[in-house]
Structure formats: structure tokens, C-alpha cells
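Colleague: Listed here are the chains, written in short residue letters.
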Amino acid sequence: MNIVIGHLYPDLLNLYGDRGNIQCLLKRCQWRGIEAEAIAYELGDSIDFDKLDIVLLGGGSDREQMLVCEKLRQIQPAFKRYVEEGGVVIAICGGYQLLGNSYKTAQGTIEGLGLVDMETEQGEDRLIGNIILESPLFTMPVVGFENHGGRTCIHENQPLGKVLYGFGNDKTSGCEGIIYKNVIGTYLHGPLLPKNPQLADELLLRALKKKYGTDRLSPLDDAWEEEANAYIVQRFIGKKA
Amino acid sequence: MKIRKILAVWAAKGARLVCQWMGKQGVTWAGKIALKIYPPILEELSSEVREKIFVVCGTNGKTTTNNVLCAALEAEGKRVVCNHTGSNMLNGVAAAFALAASMSGHVDADYACIEVDEASTRHIFPRCRPDYMVLTNLFRDQLDRYGEIDITMNILEEMIRTVPKMTLLVNGDDALSAYLAMDSGNPYVTFGIQEQTDTKSVQEIREGRFCKRCGERLEYRFYHYSQLGDYHCSGCGFQRPGLYFNARDVQVGEQISFWVEEKHIVANYRGFYNVYNLLAAYAAGRSAGLEMENFNEMLKSFQPENGRMEQFRVKGTGVTLNLAKNPAGFNQNIAAVMQDERPKDILVAINDNAQDGTDISWLWDVEFDRLGEESIHSITVSGIRCQDMRLRLKYVDIPSLLEADVERAIRQRVDDGVGNLYVLVNYTALYSTRNVLKRLEGEQ
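The listed protein sequences correspond, in order, to chains A and B.
In terms of this note's numbering, the first sequence has 374 at position 193, counting the first letter as 1, and numbering is strictly consecutive.
In terms of this note's numbering, the second sequence has 406 at position 397, counting the first letter as 1, and numbering is strictly consecutive.
Next comes chain B alone, as it looks inside the complex:
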């Protein structure tokens, strides 16, 4: 049997190499092959992790939180297994371990940081029992695939209960996540932002307006964004829990900064939502007993990858690529883009492949009105459902240019734009767009 395990590891590594050579990501395929050759590969390799296994769940921020956590643990001198690319279903998770294993089929790691698709917890938790679970937030996403948020919450709660010793690190500002943590019976530690900040509050779709415990309407002292804020229920007394890791003096602009415990955290990227991502990663490390002394130092050199505010330079044009795949994420993206007051061109690419969700009606729940501001030089709609996107903008009186082919659209804006291009794409458009940008970068 040992032979099969080694064979599975070799096959995964081989599959990955072949895919990379062909310009494909290949992580999912590598995991699939490894599981086929040696089904208990995930159980066995994950049990070799010496210290703790973290999983990161939640609708938005999984990849960033997980990658920051991994980098933070490495900065503390630890060896870490991580599914960096965001392949977060069973195959992707199995691949992360198989690819991290040595040729003799063993994992030499102190920690594992694994982001897990919420529905896939059913396949992953029984095989790899986590010690900590970060729950970033719960928003509507891919309703055609997952059904309602209520269904996702039920799956998560059921799976959390199968690992009763696992500690939850939960966003206390999100009533849905906090309720889930409290109701599960597992130990939990909260993080959040206690006080109101001066972010522009917009009229957004908010999830979970009604108390999960008693059905009464929740009352809010304020919102940070979407349904994240300071809530309480006058019916049953359910309320935002005390925040163990509280981000104080939050500043958001060209860079983000805040205080937590006695540390001043500064990161060189945009987006209010990234405060939560950094805070969650910090809280996870601290809860596992690490001092996180090098957290800030690590952030200085941390490069967001995989199209999370990733920077490119194409013929003198600065291009920022960002994933935006649901209303909450998109609204946060738009807010982050608008924090850049320079003139800019914007490209929105929307696909409706199975992994994106084939239902694109969520576009109408995004606050695109904000793209009507003066600093925006042009908006281009692209991707499979560019026509829907063009209509969406038309109904807030914002004209747009249409070019279904993403590469052609990028080339056009690099040629006739203002030199500052934001490319917002949903899931399946991300990898191909990233490849296009990398190639264009090399074309100079």
C-alpha cells in the first residue's frame, strides 16, 4: 500500500507539471489522480502535519485570508501546507497535500492552511480533521448551485459538529456567522470591528435581516458593509458578541491600517474588506498560540496573487486585476476602485460557466451606480454575458463599450485608455485573464 501512496504523490506532481507546461492550472486534476490511485491520501498526509490544521471557510475572502495566514505562519519560521491557488474542493485540497509531499510520500510540515468551499466541507472534514476553522462571512453566492444561504449554513453547522473540539474563529460583525458559531456548540473566538468607520454606506442587499434564533427583525446600530455591523434582536436578545480580536482605528485609503491588541497593522493594498481578511488571519495565528511578531513585516512583502488586487504593467498601463463574483464582493471591489481618485478605465468581464453560477441575475444586486463618477474614463463590458452587463449599466444611465473577447478588450483599453486600468472578473474569467495579462506584460 505504501507504494500506491508514493505513486499517487508522484502522479500528482507529474500531472501538475504537464498542466503547467500546457499553460493550465492543473491542481484539481492532480488531486483527482492522486485520490484515484490512493483514496486515503488526504487522511494520511494530513495526519502527518505536526501541529495544527486550519481551514478557512466563508463566502468571500477565503483565498486572501488563507494565503495571509500561511505567509504569517511561515514568517514565524514554520513549515506550512497551503492550497494557495484557491482550489478548494476535495480534489484541490488533496492536491495541496500531495504536491507538498516529498518524493518518499511524506509531508514535512508544522501547519496546514486549507481554504475549503462551504459545500465541500462534507467531503473534506471526514478526511482531514481541522483544529481551527476561520469563518469569514456568509453572503449570497451562486444561488443556482448552492440554493439558499440557509442550506449552506445547515451544511456548515452539521460539519462543524462532527469536529466538536475544533475552535471557530468567527466574524462577530456578521450575524449569520456569529449565530452559526454560537449554535454549533463548538468553542469559538470572535474578531471584528467594534466601532463605526467612515466608509460610505450604500443601499445594499443585506442577508439575514431577521434573527436566525427567533425570526424577529434585527436592529442595527450601524453597518460596515452589506449585513456586517453592530446588530441586536429585540425579540430574544441575540446580539453581536464581544469581539475578542477587535480592529481599532481602522484607516482605509491608498493602504489599510488598524490596531489589534498592541500591534499596528499596515498593509499596502486597498479595500475595507481586507481589514477583515488580515484580522482573521492574525486571530487564527494568535489563537493557535503564536505571537505573530512578524505579521507586519510579512505584510510589507506580501504580494496578493491569483487576481486579488494583483498588479500588472502592460505597455505603460498599470493594470489591477480583481476577482468579483457576488454582490457583496463586487460592492466592496467597487468601493476599493473608487478609493483610487485618479482617472481610470474599467473592464468588467462576466462569465456564466458552471463554476461561476449559470444564473447571472446577481448583477442587478450590485451597486453599479457608483461607476458613474467622473474619474471613470471608460467602462468596457466583456465575457460570455457582456450583453447582460451592458444592460445592467444602461439602466443606471452609464454607457459602456462592448467587446466579448477579454484579450481584445484589454488591448483596446491599453491602447486608448488613461494608463490606469481596473479589470474586474468573475471566477472562470479570472485564470484566463490572468494568463492574458502575464503574456501582455512580457510582450513589451
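Chain A extracted, bound-state conformation:
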């Protein structure tokens, strides 16, 4: 078995340890004897989405995100087809915002990829801090760090989880992130995957299922991951997961 991860524009969208997410996916394959490779695409590279099993879209500074936006529109039709056909996507922070229809700022509106029906609007203050979610997909809470000025409205879409601690999509709805087909979008970095091994495995399982019909992954020893996750939960909401 073989998994190919496409990392979109790490030279621009590389804030907040996104490389940790790639590293986590690769290692969790490797430890199970599954071959895995990551391809880093630079701006202007052509992307053959048929070759990819997981796409990771990370976060960048506002200036860099604008640079990416232009190029993203060129790959939009192929990316859209990939998503509609059940391709796995993990989009974080700035990348999450780019999934939607638009990002409205004081300077004007940036058109997004329109892969998922959602919009983001710049808020007055930045929402910064540790965050904890409860997600129907997982038994463990999802923990991470958020740092975003945007407020995201996901309409009727399913959120990634309910906010137990922190701000989430828009500070008011109590929801965080989005799940659409095999796309997961979220503001959580930290990075996201190492401390949330169930989420990492969910992405791998969905990709393997689509490619090989796999319906379960062999378990790994996640004691250290669970301890790191539980530490955050204990510290901020004071109960054991």
C-alpha cells in the first residue's frame, strides 16, 4: 500500500509548524509498514490530483496568502473535482479559510476556492489561545492552538467539533472547523495531528479506504500522544478525557 500526500505551497503557507502534520502522517504510515511520501508543490507547479491521496493546505501570513490566492484559482477546477470525488483534504488556518467562497477583509474581498460552501469575514480582534473540541468522529478530545482574525460561517455544513475551551469558527456559535465529504478544515494548529492521533488516523483511513477499500488500521502505541493530549485537557478544563 502506498499513500501520496500533496503539500500545497509550503514555501508560502508554512506558519505554525505545518511540517509537523506532514511528518505525523508519514510516520504513522511508516510505523504500520505502509509506504508514504509527501510531495511539496511550489507556486506555479502543475498538480496532478489523480496522483494524490491526501492534500494538505496550511496557513500563511496575510500577505503570503494573497500571493497564493491568485495561483489557486488556476488549479480550482481540478481541486474541485478531487474534492467531489472523495479526495481527502486537511486544511488548516489560512488554508481552511481558502476552502470557502470568500474572505472579506477591511481592504476588500478575497475570492476563495469555493470547494466548500462557507465564508470568512475579518473580525475586530484576533482569536488566540489553546483550544479543545469534542468531535463526534473521535473518542479523544481534539486539542490545538488557534490564532485567527477571521470569523468563519459554515452554514448548514457539519463542524469538526463542539468547542469545549477556546473560540472556534466565530467566537459565538460554539462550533469549530468543518467536515465536508472527505475534507476537514480547522483553525487548529499546534500542530494539529501529532497530539490528535485519532484525527491523523481518520485521514489515513479515509485515504486508504478510497484507494484500497481498507476498513481498519493496525493500532499503534499512542501512550505519549494521549498523555500530551490529556495534559491540555486537564490544564484548561480540568477533567480527564
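Since the hints were made in silico from the structure, they are not lab data.
Beta carbons are placed, not taken as given, at the ideal position from N, Cα and C, and that holds for glycine.
Just so you know, not all the hints are guaranteed correct.
[To be verified] From chain B, some residues computed to sit far from chain A (all C-beta separations above 10 Å):
| id | residue |
| --- | --- |
| 1 | L16 |
| 2 | D159 |
| 3 | T206 |
| 4 | G224 |
| 5 | P250 |
| 6 | N255 |
| 7 | R257 |
| 8 | E271 |
| 9 | N303 |
| 10 | D368 |
| 11 | S370 |
| 12 | W371 |
| 13 | E450 |
[Stated by the list, open to error] Pair by pair, the computed Cβ-Cβ distance ranges are:
| id | chain 1 | residue 1 | chain 2 | residue 2 | range |
| --- | --- | --- | --- | --- | --- |
| 14 | A | R262 | B | E263 | 56 to 64 Å |
| 15 | A | G310 | B | S111 | 42 to 50 Å |
| 16 | B | Q312 | A | G310 | 53 to 61 Å |
| 17 | B | L411 | A | W212 | 43 to 51 Å |
| 18 | A | D229 | B | D378 | 28 to 36 Å |
[Said to hold, decoys possible] Listed below are the simulated DSS-like cross-link pairs for lysine-lysine, each with C-alpha atoms no more than 30 Å apart in a straight line:
| id | chain 1 | residue 1 | chain 2 | residue 2 |
| --- | --- | --- | --- | --- |
| 19 | A | K208 | B | K61 |
| 20 | B | K87 | B | K272 |
| 21 | B | K403 | A | K391 |
| 22 | A | K261 | A | K285 |
| 23 | A | K343 | A | K362 |
| 24 | B | K447 | B | K41 |
| 25 | B | K61 | A | K285 |
| 26 | B | K61 | B | K272 |
| 27 | A | K392 | A | K252 |
| 28 | B | K403 | A | K252 |
| 29 | B | K403 | A | K392 |
| 30 | B | K11 | B | K41 |
| 31 | A | K232 | A | K252 |
| 32 | A | K352 | A | K208 |
| 33 | B | K309 | B | K87 |
| 34 | A | K390 | B | K403 |
| 35 | B | K403 | A | K232 |
| 36 | A | K232 | A | K391 |
| 37 | B | K309 | B | K324 |
| 38 | A | K362 | A | K232 |
| 39 | B | K309 | B | K447 |
Dock chain B against chain A, hints included.
Modeller: Just chain B, lined up with the frame of chain A:
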């Protein structure tokens, strides 16, 4: 009003004594009290400096550069005010002057060397107008506190422009710093390393990959480390400026050495990044018209303090303490540690207090893979976020020992280690770890 000024100076000195007696640093508190009692204290005391005021800004290397500059000026026979401890926000800077003042409330100094936190330039520049500003480099640091590097650059540029006569001493190898100097309109003098050296280049996170002037991707002939190197833009012609103070024949190992102008500089400590720190301090002194004849002599006895490769001896174990608080700094630290080929134990302590940055995701941008080499006997993770650090290492297949309490962790490695311990800590872990090491040193 004179009375208030004297009172402020006395109160600062008193506060500092009380804190020292209690085993705390207390500089920030001393400055806060002085400013409260006499708000214009910084303006007035800094205006008493007879010659020039230097400020040192930049993400990494501020404290070392500033302290070397201060020692170099003293070696030229000058009297200098300096915030040695690295307290670099308004309170800390006010304290440096208040503590240096005499009991009659006056500063008797030829020069001032003040390191300033980039965001705090907004509070310090209006009160104490510098003649020279050293800009060491710009890297990502504490994104949760400062936002993006772009924001830091905007603040710096705005503040630089408020002092149009101030000369910038800028690292020409850093495209971000060089752009800032050029764009500000202020006079500037560059320093850097013209030619490629044989340092191991690793796949690092690099800032400012795109031209600040036109947005095109910058092309590099080579990197020294991180984004420091020889760059040019094919879009608009922006390129590394000519280097006025160029370090030639750079050697890095047990000690570092290089040539600049007609001087051969040799220093007895490690770390390629220290070439920049020494060069920046030298360039600052020279630009202010000093000959810097005693620079090398001064370096022979210069002891890095405040946990910058600071040495301790605990029950036969040599302990090196070093601050590492962001990816660029950490990568340089790891490179410096690996230059020591002897067997060693490593302890990494990571805290996530407000002053450290509460977001520790930057750990994943550090090249920890290099700690997998054979000469490393053990790695211990410690501090508030030791669990994250343990995971970070797990995902490059490096096992580690976990002990959240730094003192206990140090004691364990002194007992069962190989006698050569490196302790890498981030900001808030530094002062307490240093106290622990000093105490353990005395325990023999």
C-alpha cells in the same frame, strides 16, 4: 521635580536590592517604580549620555551583541550604560539608566548600549533618541504575541523613520533586514559574510522567500543558515547590498575566528551565529568612530552571561546553558552543540508562559533530527510543555526521558550522564534554570 528624579533613582536601586536579596532579577520592577515616581526619567537620564546611544534590535542575538558592544566600548576606556540582563522593554530600559545613575540622580557615561524588543521601540524611541541602531536579523518568533513578521517590520520601519538621523547597522545577508534599512530612508551601514562557508546547510524554514519590494521569488546563490545568504530578485533587481564590514575566512569549531578589515577576530566560544554577533558589535563601534583596537583582547576575557552558552560545573559534570527560543535560534544552537564531538547528554526545557509565547507549534519547525547522532548519550525533555517536546522527538524516531521539573532533570543527568551536559531552554525557563545551576555549583 529634581527631588522626584532622585527619589526615582533611589527607589529603583532599592527595589533591585530587595529583589536580589529575594533571589529574583527585579530589573523590570525597578524600572516600573522609577517610571511611576518620575515619568520623564528615561528622557532625562539618556540625554545625559555624552557621546552616542546605540540600540540593538532584531530577533536573535540582541543580548550577546549588545553585551559584546558594551564590553568593547569599555575596553576602549569608555563609560557605558547597558541593559546587560536583556530586560529590553520600556521598564527594563528605564531601569538600566536609573540603576546606572549616581545617588544624586545623574548618569556619568560616554555611551549607552541598549537592546530593545522590536515592538517596544514604540515606547522607547520617543523617549531616548538613538544615534545608531544595530539590526541583527528578523526571524519568526512568538507569532501569538507579535503576529506575523510583517507586523514587526512595519513597527520597526515606522520607528526608524522617527529618528531620520539615526544610522542603521544592518545585517546585509538578511533580505528582510536589508530591505527595511533601504526602505526606511535612514543612512545605513552593512555587515555580513560575503562568501559561502562550509557550515552544514539544512532544510530549514526560511522567512521572506519572496521579494519585499516586488513579490517575486528571491533567488539565492547560497545560504549561511535560515534565510541569511546571498540573494537577488530577478523581478526588480533587489539584491544583497555590498557588505561594508565583511567577515572573511570564517572558521567555526571549538572557537570561532574571522578577519574583518585588518583585524583577526578570535573568540573562545561556539556557534556560527556568534560571528554575526561579534561582527555587528565591531561594526557598531567602528561606525561610531572608534578604532576598536582592543576588541580581540576584550574577547579573551569576555564571559558570555545570562545563559548564552554559559558554562557551569556541577559535581564533575560540565554544564552548558543556552537560550533557544525560536526555530532559527534553536537550529543554530543544535549546530553549535553538534560541533562538540564528545559524548553528551542533552536537556531541552520548554515553557509556554506569556513571555515565551503561549503557542509552542514552532517546535515542529526546528530540525531536531540532528539530535539523533551517535555522540548523544541521552535526551531529556523538561519544562511545562515537556510532553509536546517528547512527541516532537518521537516523530523523528528519537526516544527521550521525561522529567517536567528542571532541577530534578538536571540532578538525574549529573548523576547518570556522561559528564558533558547541554541544557537548552526557552525564555522563562532560563532564569530559574540558571539559578538552579548556580546553586548546584555551590553544593559540591
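Colleague: Is K447/B within 30 Å of K41/B, Cα to Cα?
Modeller: holds, 27 Å
Colleague: Decide if the proposed pair is consistent with the structure: K87/B and K272/B, CA atoms, cutoff 30 Å inclusive.
Modeller: Holds: K87/B and K272/B sit about 21 Å apart, inside 30 Å.
Colleague: Far enough from chain A: is every CB of that chain over 10 Å from the CB of E450/B?
Modeller: Holds, because the least Cβ-Cβ distance between E450/B and chain A comes to about 32 Å, which exceeds 10 Å.
Colleague: For T206/B, is the shortest beta carbon distance to chain A beyond 10 Å?
Modeller: holds, 24 Å
Colleague: Take the C-alpha atoms of K352/A and K208/A, compute the straight-line distance between them, and say whether it is at most 30 Å.
Modeller: violated, 34 Å
Colleague: Is it true that the CA of K61/B sits at most 30 Å from the CA of K272/B?
Modeller: holds, 24 Å
Colleague: Over 10 Å to the closest beta carbon of chain A is the bar; see if L16/B clears it.
Modeller: holds, 39 Å
Colleague: Between the alpha carbons of K403/B and K392/A, is the straight-line distance 30 Å or under?
Modeller: Between K403/B and K392/A the Cα gap is close to 28 Å, so the pair holds against 30 Å.
Colleague: When you take the CB atoms of L411/B and W212/A, is the distance between them in 43 to 51 Å?
Modeller: At roughly 20 Å between Cβ atoms, W212/A and L411/B fall outside 43 to 51 Å, so the hint is violated.
Colleague: Verify this label for me: P250/B is non-interface relative to chain A, using a Cβ-Cβ cutoff of 10 Å.
Modeller: holds, 23 Å
Colleague: Looking at D159/B again, its CB stays over 10 Å from all of chain A?
Modeller: Violated, since 6 Å does not exceed 10 Å.
Colleague: Looking at G224/B again, its CB stays over 10 Å from all of chain A?
Modeller: violated, 6 Å
Checked against the numbered hints above, the structure breaks hints 2, 4, 10, 11, 12, 16, 17, 19, 25, 28, 32 and satisfies the rest.
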